[in-house]
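Each protein sequence line maps, in turn, to chains X and C. Going by the working numbering, the first sequence opens with residue 201, and the numbers climb by one from there. Going by the working numbering, the second sequence opens with residue -15, and the numbers climb by one from there.
Keep in mind the hints are simulated off the structure, nothing from the lab. Note that CB positions come from ideal geometry on N, CA and C, so glycine has one too.
Derived coverage of chain X by chain C (criterion: at least 3 residues anywhere in the stretch with Cβ under 8 Å from a Cβ of chain C; other residues may be distant):
1. 221 to 231
2. 243 to 256
3. 263 to 271
4. 347 to 360
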Amino acid sequence: MSFMEFVLAAIGIASALGVVGFRNPLSSAFSLIVHLLSIAGLYALLGAHFLAVSQVVVYAGAIMVLVLFVLMLLNLKSESGRRIGIVRSALTLGVGLVIFLAISGPMLAQFENIPQATLEHNVKASEGTVKAIGEVLYSEYMVQFELSSLVLLVGVVGAVMLAKRKNVQLAPREGGMRGGN
Amino acid sequence: MDPITSYLGIACLLFVIGGIGICLRRNAIVLFMCVEMMLNAVNLAFVAFSKIHGNLDGQIAVFFVMVIAAAESAIGLAIILSVFRSVASIETTDAAELKW
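I would like the entire structure built from these sequences, with the hints used as guidance.
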């Protein structure tokens, strides 16, 4: 594991713990931005250049701006004083540890002994440049790509419908032209 | 340990941290951010698998997960906003009733 990978992984794990640990939601949001950027760095090290850029633009840019907008709009205080019981936290951590061992054990054992030559051969084939991704996306995955535009359209319409105020008074009020609520 | 398998280990760890966050926190927006973190952990595993197998299918899968996550974040935040209008709080323990 190279030095760069180690640093990025350490930053990613630390900021992930920050997202869970900070009591102020705003600190969690900024911690998540750091997390997403470090994951983008790991993508770049894995050779997925297009995904690294779209991670920065879509996740760390667009989605996190949306989250921060909502956080600022709601003007929240820190999580209220009711602390989570020590028993419950310990239980959750224990279950999490068990799940971690249950997932990672078989997954790591699966890829224990890949020949190094195969890996080096595969590195070239899996380099995700914009050209390579585009070629696969617009030929093999054409239908799914078109369907994803439909998903985004439904998302936009659904978000507008859900966030719209339902109790807008359309009838004019008595005593003047000042409408609105 | 092989570099690729260490990426898989990191992905597992991030996934579990996100899951623990969902169990421990009550703020709906923080829960939402933990879900994003779990999605990212799976994406990292996808990219590592793509490198192991030497084709781009894993990276295409990550691309589609990003599309779904963008749509999901718009919908999810709209739901959080409308819940906030009803109960004036986004803590999940306050929104425990089925009907207002």
